[in-house]
Structure formats: structure tokens, C-alpha cells
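As given, the protein sequences belong to chains A and B, one line each in that order. The opening position of the first sequence corresponds to residue 39 in the numbering used here, with each subsequent residue numbered one higher. The opening position of the second sequence corresponds to residue -13 in the numbering used here, with each subsequent residue numbered one higher.
Quick caveat, the hints were computed from the structure, so don't treat them as lab data. Every residue gets a Cβ at the ideal spot worked out from N, C-alpha and C, and that includes glycine. You may find that some hints are simply not true.
[Stated by the list, open to error] Straight line, CA to CA, 27 Å or less: simulated DSS-like cross-link-like pairs of lysine-lysine: (1) A:169 to B:218; (2) A:267 to A:56; (3) A:257 to A:267; (4) A:167 to A:145; (5) A:56 to A:95; (6) B:218 to A:167; (7) A:145 to B:218; (8) B:19 to B:186.
[To be verified] Stretches of chain B that chain A covers, calculated by requiring three or more beta carbons in the stretch to come under 8 Å of a beta carbon on chain A: (9) 216 to 225; (10) 228 to 238.
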Amino acid sequence: MLELIDVHTYYGNIQALKGISIHVEPGEVVTLIGSNGAGKTTTLRTIQGLLRPRQGKILFEGQDLSSSSSPEIVRLGIAQSPEGRMIFPRMTVLENLEMGAFHRQDKAGIQADMERVFTLFPRLQERIKQKGGTLSGGEQQMLAIARALMARPRLLLLDEPSMGLAPMLVNQIFSIIHEISDQGTTILLVEQNARMALTVANRGYVLQTGEIVLTGSAKELQVNETVRKAYLGEE
Amino acid sequence: MKPWQKIVLYLAIVYFVLLLGPIAGLDLPRILKEIAQSPSLLITQLLVGLINGAIIAIIALGYTLVYGIIELINFAHGDLYMLGGFAALTVVGAFGMQDGAPFISAIIPMLVALLVAAGMCAGLNVLTERYAYRPLRNAPRLAPLISAIGMSFIFQNLGLFWGGLRSFIPIMGNTAAAPKSFPDLLPRIDIFRSLGIDTKVDFTTKDLIVLVVAVVLMVSLNWFVQNTSAGKAMRAVAQNRDAAKIVGLDVDRVIVLTFLIGGALAGAAGLLVGLYNNTIVFTMGFTAGLRAFTAAVLGGIGNITGAMLGGVLIGLLSALSDQYLSSRWTDAWVFGVLVLILVFRPSGLLGENLQEKV
Ligand SMILES: Nc1ncnc2c1ncn2[C@@H]1O[C@H](COP(=O)(O)OP(=O)(O)OP(=O)(O)O)[C@@H](O)[C@H]1O
Ligand SMILES: [Mg+2]
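Whenever a hint applies, use it, and build me the whole structure from the sequences.
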């Protein structure tokens, strides 16, 4: 479904991605783990056309995305819940969700998706008229995921959905990710919380200073010596 | 600010007002006596202030919309409004309109003038964005600002040139730089007196028309930004440009739309001011622009309601100062109040700081 082939991305002269290749198959949950500054966010931003790769190819269902703009990429079916949530602070919860479906014309479909996200996140329905900027951190995270779902994406990019959340809320967010995947959306999940990420994912990649250093099924990674030491904090 | 610092500041302000106030026309006994003698004059002045304020507010909207979206103070905006006035004058001149032309015959020329002025300013503003600001979007903040100041000079020179085209546009008169008289096309029927209300308040159909048009423009803009999907896209880009890109908005198109709307409003304001004050001059964009910018900052730059409120406040303040303080000191009073408000509310009257939580 999604394939990155030898992608190099730069910020000015600083090279953030040094030729990474990953692929995501339909229906999968694939996780990208790595420590701070490894290049996880950069990878997602490159996929969404917010950064241009200097070298390499990004294929989505066979189509090359390297020269597509982000509006085009969203229309093709890729949506993102970005790192730091980035909700619209002075828009209501409802308006934030509408922005997620901005490029869509099918009123009935939008309405159906609205109901779907409210079933996933009942908290948002209670706060439908509240301004995004006044939500709690956890609610903003839910809103960011819900807004991405409003695009009815076939591939959902999630950047650190558990960041800064209390353990109970982390569990809740991960069970919702599971549910979204069960409903048929393919997910590329970026996480520092490798333990949780590997419980929902089918497969994973370990990213280190812009390079993929390890890949395997979630089960393999869970028992891998390096992963356990570096990312699961085990001895 | 610490409490004691605030107290010192208050005292300093009171001291300065007492010291400098009388020189600048602050003579409370005289002012109170004048108001008591003729309350209707106060009301007339308030109405004048309201109308001028509404026109300032329309220009202020252009500053605030653009600032809200790309954080640029578009210094050329006032001069764009001046060019709107010139376009409107050219159109009514081409229709052969003169002072005292029957209102019925002036309706079509005025509507055409509105369309031409608004359309031309919208187009110019979009071109300016495309060629003077967009290439500098990722440059240091000062670069587009300097570019905007440059555009302001270009527009002023364009106005001066336009004013000198008397062989093609006779209504421009003989001297390029001289103020042009704008035909008095709106009927001046005294509203209160024709309703049989005996009052000395001057409020004519001319005032009413200008006020209504200005209010309609503001209300429509507000409605557009709050309710249409294009308006929501504008708000989204203004609130978080990265997020807007992530949800798939075409940010460049939204920016173009913002310049288009701001320009159209400036053009409409150019026509209104011509019709209301019956004189336009190529330098008027500078002073009006400064006041409108002040209004935008006063209300909280980036905030649409704030720009309207700020515009009306400045209009009222100027009118009252002209009448009761000293017209020579009006700008000093207006900007003094601006400084005061900003000392206590640095983000303006309605400026808000809703941050995302991390
Ligand atoms: N705008 C930028 N300009 C320059 N360098 C950047 C920029 N954004 C990121 N980088 C650099 O690129 C590298 C990868 O950053 P990235 O944000 O992708 O890391 P990450 O894996 O998402 O980290 P984290 O887990 O902390 O979010 C880092 O070294 C970072 O300093
Ligand atoms: Mg990151």
C-alpha cells in the first residue's frame, strides 16, 4: 500500500533521513520506533508532502507521491494526527472535525464519519461546542486523531499519540487505535512508547539517527535483545 | 507588572495628562459647558465619529486579515485604499457625474465605481502578494516588511501619476498632487427633521447610506469568515498553518483569498470616503493607513471583531477631540490612548492568547 524506497530528507544542509526504506501493507498496523531525534516525525512529514525527499521514492498504491502536494496526498487517502496535536485552538471541536473533512463533498459520508468518531471518542461529543484550545491535553489528542479520521483515510499516520498522557489514558488511546485498525484502516504508528506500540502493531521498524537499523514482526522485536535494552528499558 | 510599578505608572500618566492636557485642549469646565449648551452637537459629533470609524474599520480589516494569516503588517494597504478612491473617482467622472447630480442617475455609476474600485484593489493586492511578499515568505521577518513599505511608495507614486492624467480623466483637475474633489452624489435629506423630530442633530441620508454600506460590508465579512468553508479555511490557516497543511488545505490559495478580500474592502472604503468627504488626495492612504493599523492593533491584531471595535473607537475619539479638545492635537490624543491601552493590554482589547496545550 505504502512504500518508501531509499528516502533521503534534509533540513537545509542537515540530513535527517539517510535513505530509509519501509513498506506498509493494507490492513496492517506498522510501528516506527526510535529515540528522540531519530527522524520519526520527519518520516511522516515526508510521506505527507510537507517535506520533499531529496532522493528516493514514495509510492502509495503504486502512485509516486514525491511530486504531489499535501492537499493531493490527503485526497488520495493519507491523513495524519501530528506530533503535538496541532488542533485549531480557536475553533470548536465540531469545526476542528469539519476541517478534517475539508476536501470531501459527500455530506452523508461526513455525517456518518462524525458519528463514528463520536462513538470512538464520546468525550468529544460532550464537548462539541468547546474551543479546541480549552480542551485538556488528552482531549486534544483525541481530537487530533478524530480530525484525521474525518478525512476517511485509507492510511492513518499517528505521531506519538501517547505523548504526555496519563497511563490510563494511554491504554484508552491504544485500545482505540486497535479499534480503528479493526474497522479496516491501515495505520503507521510512530511511538517512543515502544512497549505499547509493539502490543498493537503487526510489524515494526527501529529508526536510529535517520536509518532503519532493525525490522521484524512485533513479536520478534519484543524479544529482540537490542530493542529490549534500548527501547523497553529492560536489563 | 508588579503592583507598585502599576501605581507609579498610573501616577505618571495622571501627571502627564494634567501637565500636557491643557495645552492640547483639555479644559474640562469649558468642555462641560459646551456640552451643556448644545447636547445635539455632541450627538452629531458622535455620529460623525461613528461613520469615519466605520470606514477606518473597513481598512483595518485588511490589516488584521493579512496579519492574522501571514503575520505581515501590510504597509501598502492604506495606499491601496487611496488607489480605490482614485478608481472610484475615475469611474464616476467617466459617467459624467458632477456635484448635485440627481441621486437616481448616480446609482448605476456608484455601483460600477464600487465594483471597479473593489475589483482593482483586490487584483492589485493579489499581485502584490504574489510578487512582493510570497517570494519572501521564508525570509527573515523584516524582509517582507521592507517590501511592503516599498509597495506603499509605489502605490503612492501610482496615485500621483494617476492624478496627473487630466487629459484622459478631466475630473482629476489641473494639478497632479492637489486634492481632487469628489462629486457629492448622495442625497442630503435631514433624517430627524423630515421625520418631524425637532432636533439640532445633523444626520442626513448621506450619512445613513455611508454608515449602512460600511456596516453591511463588515457584517458580511464576519459572516463569511465564520460560516463559509472558505472562511473556515482562512481561520484555520491563521490559527495554525502547519495543521492547516496537514488536514490538506491549500495554504497558498487561502492566502490569495485573504489578500483578495482585504483588497476588495480597501477599494470599497476608497469609494465610501470619496462619497463621504468629497475629497481625495494621493497621500490620504498614509494617514488613513496609520489610523486603520492603529485600530487593528487596538482591537487586537488578527482579530476581526477587534478591528471593527478599534476602528469605531478611533473614529469616535478623533471626532470628539476635533470638536472639544483641539483638532491640531487629535493625532496626539488618539495615539496617546493607543499607547495607554497597549501598556495595560499588550495584545489589544480583544486579543486573546489561547495556546495549544502540550
Ligand atoms: N525544522 C527543522 N530544522 C532543522 N532540523 C530539524 C528540524 N526538524 C527536525 N530536525 C532535526 O531532524 C532530526 C530528526 O527529527 P525528528 O523530529 O524527525 O525526530 P523524531 O524521531 O520525531 O524525534 P522525537 O521523538 O523527539 O519527536 C533531528 O536531529 C532534528 O534535530
Ligand atoms: Mg517526533
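Each hint tested on the structure:
For a cut-off of 27 Å, the pair hint linking residue 169 of chain A to residue 218 of chain B stands: about 14 Å separates their Cα positions. Taken as a hint, the residue 267 of chain A and residue 56 of chain A pair is honoured in the structure, with Cα atoms around 24 Å apart against an allowance of 27 Å. Proximity of residue 257 of chain A to residue 267 of chain A is assessed by CA-CA distance (about 15 Å); at most 27 Å being required, the pair is judged to hold. A distance of roughly 20 Å separates the Cα atoms of residue 167 of chain A and residue 145 of chain A; the hinted pair therefore holds under the 27 Å criterion.
The hinted pair formed by residue 56 of chain A and residue 95 of chain A meets the criterion: a straight-line CA distance of about 13 Å does not exceed 27 Å. Note on residue 218 of chain B and residue 167 of chain A: the hinted pairing holds, with a Cα-Cα distance of about 15 Å set against a maximum of 27 Å. Distance check on the hinted pair: residue 145 of chain A and residue 218 of chain B sit about 17 Å apart at the alpha-carbon level, within 27 Å; holds. Simply put, residue 19 of chain B and residue 186 of chain B have alpha-carbon atoms about 17 Å apart, close enough for the 27 Å limit, and the pair holds.
Closer than 8 Å: that is the beta-carbon criterion, and the stretch 216 to 225 of chain B has 5 residues meeting it against chain A, so the requirement of 3 holds. For the stretch 228 to 238 of chain B, the stated coverage by chain A is satisfied: 9 residues place a CB nearer than 8 Å to a CB of that chain, which reaches the threshold of 3.
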